[in-house]
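**Q** If you read the sequence shown in the working numbering, its first letter stands for residue 1, the second for the next number, and so on.
Don't read these hints as lab results, they were simulated from the structure. Ideal placement from N, C-alpha and C gives every residue a C-beta, glycine not left out. Keep in mind that a hint or two might mislead.
To be verified - Across the chosen pairs, the derived CB separations fall in these ranges: (1) 259 <-> 78: 18 to 24 angstroms; (2) 534 <-> 856: 44 to 50 angstroms; (3) 579 <-> 786: 47 to 53 angstroms; (4) 259 <-> 419: 53 to 59 angstroms; (5) 333 <-> 267: 17 to 23 angstroms; (6) 635 <-> 602: 18 to 24 angstroms; (7) 343 <-> 580: 51 to 57 angstroms; (8) 832 <-> 784: 32 to 38 angstroms; (9) 118 <-> 403: 51 to 57 angstroms; (10) 420 <-> 580: 32 to 38 angstroms; (11) 856 <-> 680: 41 to 47 angstroms; (12) 837 <-> 784: 34 to 40 angstroms; (13) 580 <-> 602: 35 to 41 angstroms; (14) 392 <-> 34: 52 to 58 angstroms.
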Amino acid sequence: MAHRTFSLLSLWLLTVLVGFYVVVRLASGVTELRSWSAGLVLEETQPVVRFVEEGSAAQQAGLEPGDEIFQPDGRPLKAFSDYARLRRMAEQTKVLSLLVKKRDGQFYRVEVRLLPPTISWFSLEFFFTIETALIVLLCTGVGLAVCWLRWEDATARFGGLFFISLGTLFGSAQSALLPPWVSIPAGLLQTIGNSAVGYLCLCFFLEFPTPTQLNRPARLLKQGYGWVTLLLGLLSVTNFSVRLASFEATHWLHTVPLVNELLSARIIVLWIGLASPFGLYLGRRRTQTPEQARRLKVFTVGSALGVIPVLLLILATYTFKLNAEDYPWLYVLPIALFPLFPLSFAYVVVRHRVLGIQQILRSGVRYLFVSRGVIVLECLVFYFLARYLVFPLVLWGHNLIGQRPTLFSLNLWMVATGSAFFGLAIFINPRLQKTIDRRFFREAYKVQQVLSDLAASVRQATNIDEMLRRVATTVDAALHVKTIGFLLHPSLLGSPTEAVSNGNAPMLRGFACRFGPNTSGIVESELYFPLTSPLIARLRREPEPFDLEPESTDGIPYGKHPTLRRLDSHLLIPLVSGDNLLGVFSLGPKLSGEPYTSEDKALLMAVAESVALRLDNAQLVRRLTAEATLRRELEIAREMQQRLLPSAPPRLPGLDVVGVSFPANDVGGDYYDFLRLDMYRLAVAIGDVAGHGISSGLLMALAKGGLHNQVRSDTDPSAVMAAMNQLIAVSGSRRDLMTLTYCVIDTATQTIAMANAGHPPAYHYHADTGAVEAIEHGAYPLGVRRHSHYPTRCLTYRPGDTVVFYTDGLVEARNAAGEVFGFERLETLLAHHGNGSAAALQTAILTALRAFLGDLAAEDDVTLVILHFT
Numbered sequence: 001m002a003h004r005t006f007s008l009l010s011l012w013l014l015t016v017l018v019g020f021y022v023v024v025r026l027a028s029g030v031t032e033l034r035s036w037s038a039g040l041v042l043e044e045t046q047p048v049v050r051f052v053e054e055g056s057a058a059q060q061a062g063l064e065p066g067d068e069i070f071q072p073d074g075r076p077l078k079a080f081s082d083y084a085r086l087r088r089m090a091e092q093t094k095v096l097s098l099l100v101k102k103r104d105g106q107f108y109r110v111e112v113r114l115l116p117p118t119i120s121w122f123s124l125e126f127f128f129t130i131e132t133a134l135i136v137l138l139c140t141g142v143g144l145a146v147c148w149l150r151w152e153d154a155t156a157r158f159g160g161l162f163f164i165s166l167g168t169l170f171g172s173a174q175s176a177l178l179p180p181w182v183s184i185p186a187g188l189l190q191t192i193g194n195s196a197v198g199y200l201c202l203c204f205f206l207e208f209p210t211p212t213q214l215n216r217p218a219r220l221l222k223q224g225y226g227w228v229t230l231l232l233g234l235l236s237v238t239n240f241s242v243r244l245a246s247f248e249a250t251h252w253l254h255t256v257p258l259v260n261e262l263l264s265a266r267i268i269v270l271w272i273g274l275a276s277p278f279g280l281y282l283g284r285r286r287t288q289t290p291e292q293a294r295r296l297k298v299f300t301v302g303s304a305l306g307v308i309p310v311l312l313l314i315l316a317t318y319t320f321k322l323n324a325e326d327y328p329w330l331y332v333l334p335i336a337l338f339p340l341f342p343l344s345f346a347y348v349v350v351r352h353r354v355l356g357i358q359q360i361l362r363s364g365v366r367y368l369f370v371s372r373g374v375i376v377l378e379c380l381v382f383y384f385l386a387r388y389l390v391f392p393l394v395l396w397g398h399n400l401i402g403q404r405p406t407l408f409s410l411n412l413w414m415v416a417t418g419s420a421f422f423g424l425a426i427f428i429n430p431r432l433q434k435t436i437d438r439r440f441f442r443e444a445y446k447v448q449q450v451l452s453d454l455a456a457s458v459r460q461a462t463n464i465d466e467m468l469r470r471v472a473t474t475v476d477a478a479l480h481v482k483t484i485g486f487l488l489h490p491s492l493l494g495s496p497t498e499a500v501s502n503g504n505a506p507m508l509r510g511f512a513c514r515f516g517p518n519t520s521g522i523v524e525s526e527l528y529f530p531l532t533s534p535l536i537a538r539l540r541r542e543p544e545p546f547d548l549e550p551e552s553t554d555g556i557p558y559g560k561h562p563t564l565r566r567l568d569s570h571l572l573i574p575l576v577s578g579d580n581l582l583g584v585f586s587l588g589p590k591l592s593g594e595p596y597t598s599e600d601k602a603l604l605m606a607v608a609e610s611v612a613l614r615l616d617n618a619q620l621v622r623r624l625t626a627e628a629t630l631r632r633e634l635e636i637a638r639e640m641q642q643r644l645l646p647s648a649p650p651r652l653p654g655l656d657v658v659g660v661s662f663p664a665n666d667v668g669g670d671y672y673d674f675l676r677l678d679m680y681r682l683a684v685a686i687g688d689v690a691g692h693g694i695s696s697g698l699l700m701a702l703a704k705g706g707l708h709n710q711v712r713s714d715t716d717p718s719a720v721m722a723a724m725n726q727l728i729a730v731s732g733s734r735r736d737l738m739t740l741t742y743c744v745i746d747t748a749t750q751t752i753a754m755a756n757a758g759h760p761p762a763y764h765y766h767a768d769t770g771a772v773e774a775i776e777h778g779a780y781p782l783g784v785r786r787h788s789h790y791p792t793r794c795l796t797y798r799p800g801d802t803v804v805f806y807t808d809g810l811v812e813a814r815n816a817a818g819e820v821f822g823f824e825r826l827e828t829l830l831a832h833h834g835n836g837s838a839a840a841l842q843t844a845i846l847t848a849l850r851a852f853l854g855d856l857a858a859e860d861d862v863t864l865v866i867l868h869f870t
């Protein structure tokens, strides 16, 4: 409320100042047209004639450039105000009496008999006066209209101030014929406007008609230009002040080093500021949409035709020291074309819907007249109450007590009355504006109707992003919000829960739909907000609308977080389903400038509940779909892995072979393989990749390919294992390890050549003695050390012997009691069934394992390879 009151007070103060300046500027022009002419111009730093007009009264009286002017009583002219006073007195008598000191040192008393005005309708003086007056009216009118319609928007505010200050460049509000209490404040306002116009131009056209993305050098350049403008502005105000004080002070100021150079540099700084938009447009061309390009083209052409001639005139005047008195025709074309600049701006704003003006015009001009007209009506009512009620009572009271009112007492009553009326306006206006906003600015909404429209709209959405854009459009149609944004849990947008932003803190992610000035419908993406923020914790704890206040969290004000600044957040609505915070619904300021009412918040909470329900359903559907997809992918991966295992055992004379593998998950990490080298030799491999699942299955597939490739060139176990170790070490990560046993069986020589890389020892059943021997032999698993050595161990067998290879999933299997299957059980089974066939032994082992586990499933993959020699 305080901010809005201050904003309204600032707007009224600006209007009063601009209105005062325009009235004085027009009065100055009219006075100059109607006044009797003396035809002389004084120097700025001394009371010396600088210019005498041809055929003027001053020339007829014998005045020449260089003559020093004194008052009729011989006193010197201490300041220009002394000459202005004499000039105003001469306007009554039509005679300007002066004491003149010629260049030869002689004094003469001169009476300059003023000549009546001879301005014709077709003279240059009349053209300049009328044209510059129209430009001032046009620029200030456009500027004030934009300020009143869009004062809450920073871009529009800069634009309004720019056009207001632009009007101060044309003509002068200071006339020697106007009283000083009028001309001095107007001259000060003109000096300030002249100083600020370049910087306001640069700031405004960085955002209009479309925003410009500034890099760091450009931002530094803008800041530097601002500081230069401030320095030169202070110097200009100082120069204006000392000129009012005295010629002596003015002369002293101009003798200070660099002052004259800096005052001259104002023209260059002004030129740079007014020319900067054209450079910005050139840099913006390639980033425009067709609609943006059209309005940019219209405005650029209008600006070029209106501004470039003025810029060239400023440059020529500064470079060649041209005076308007000597070359008046130079000013005709630039001044005649300049109105194209504000007119093209107004055309782009209304026709191409920039600055959000269309939101107000859409509801008709009645909103403008009713909303702002009520304030004007209030001022009129307060004026008449003060004029015809309060002050008559004050005068009556003074007469009653027999005292005459003093100026001080009247001023006190004026301040007290104004304060009382202003306080009354503060109390009335919020309630009155709320009614006007509901009646004229936007359509009166009904919650059920909005929810019905929302349901009908989102049914047509095909994904979450489109649904949220439709939600934003529906809310904007009801409330007319500048910016609507959504920050969602990353799982809803198909993103990982960890966002890389200054670490791995979980982040809300989202986008914004902009409906305000210059960016209607534009979507801004890649917005992040930390899930760990106390603000999110508060919204989760208290799921209700949250007005952003200048409180702090983590040392950062709520409204100062970069994401909240980009969203221009004024109100946050949590999207909650059950106890889960699915995201945050952010709303920027309403285009009407009004705060969010309790009715607005009730509507938004109803919308948020509907959106949260749909997001929850979408999340459930996405999860079910993802799980179904994953199951199908796992089934495919399992089928592919099973194809990598041997489909049938090989047949070699004197050798009975079986192999089987049971993955603990859909995709296992165990591997076994048979490679027939020739009619007498068979290569057998069995391995176990660390872990299980898809990643283990992929590494197993890699190992199979590498093994087959290596065996084609060299079957020696040591060489094969060294190559496999290099493959796993290079292709996998540090956590990708594999145990492997590789052996070559030669039935002709009845030998086994074996190498082991960290795999459980194989068992050898000796048929002649019935003993079971563990083949203890091995080195590091594959991938641990890149240059490990794997020695080959050779052993012999006899007919009837059996060799069993297995993975640790067999011996480490646990039952419900927590017992492990263990090596002893395996050795016992091998001792009892080792003299039978390979298939019979496999059945015995698997049956025993199933009985041991009961209803439990094995925690790890189980693989068996059994060789029985006949």
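**Q** Next, verify each hint and record whether it holds.
**A** We went through each hint and held it up to the structure:
1. 259 <-> 78: 18 to 24 angstroms: Given about 21 angstroms between the Cβ atoms, the range holds.
2. 534 <-> 856: 44 to 50 angstroms: holds, 46 angstroms
3. 579 <-> 786: 47 to 53 angstroms: holds, 51 angstroms
4. 259 <-> 419: 53 to 59 angstroms: Violated, at about 43 angstroms.
5. 333 <-> 267: 17 to 23 angstroms: With a Cβ separation near 19 angstroms, residue 333 and residue 267 satisfy 17 to 23 angstroms, so the hint holds.
6. 635 <-> 602: 18 to 24 angstroms: This hint is violated: roughly 50 angstroms between Cβ atoms.
7. 343 <-> 580: 51 to 57 angstroms: holds, 55 angstroms
8. 832 <-> 784: 32 to 38 angstroms: holds, 37 angstroms
9. 118 <-> 403: 51 to 57 angstroms: About 54 angstroms separates the Cβ atoms of residue 118 and residue 403, which means 51 to 57 angstroms holds.
10. 420 <-> 580: 32 to 38 angstroms: Check failed, 54 angstroms falls outside 32 to 38 angstroms.
11. 856 <-> 680: 41 to 47 angstroms: Given a distance of about 43 angstroms, which is inside 41 to 47 angstroms, the answer is holds.
12. 837 <-> 784: 34 to 40 angstroms: holds, 37 angstroms
13. 580 <-> 602: 35 to 41 angstroms: violated, 22 angstroms
14. 392 <-> 34: 52 to 58 angstroms: Given range 52 to 58 angstroms: violated, Cβ gap about 37 angstroms.
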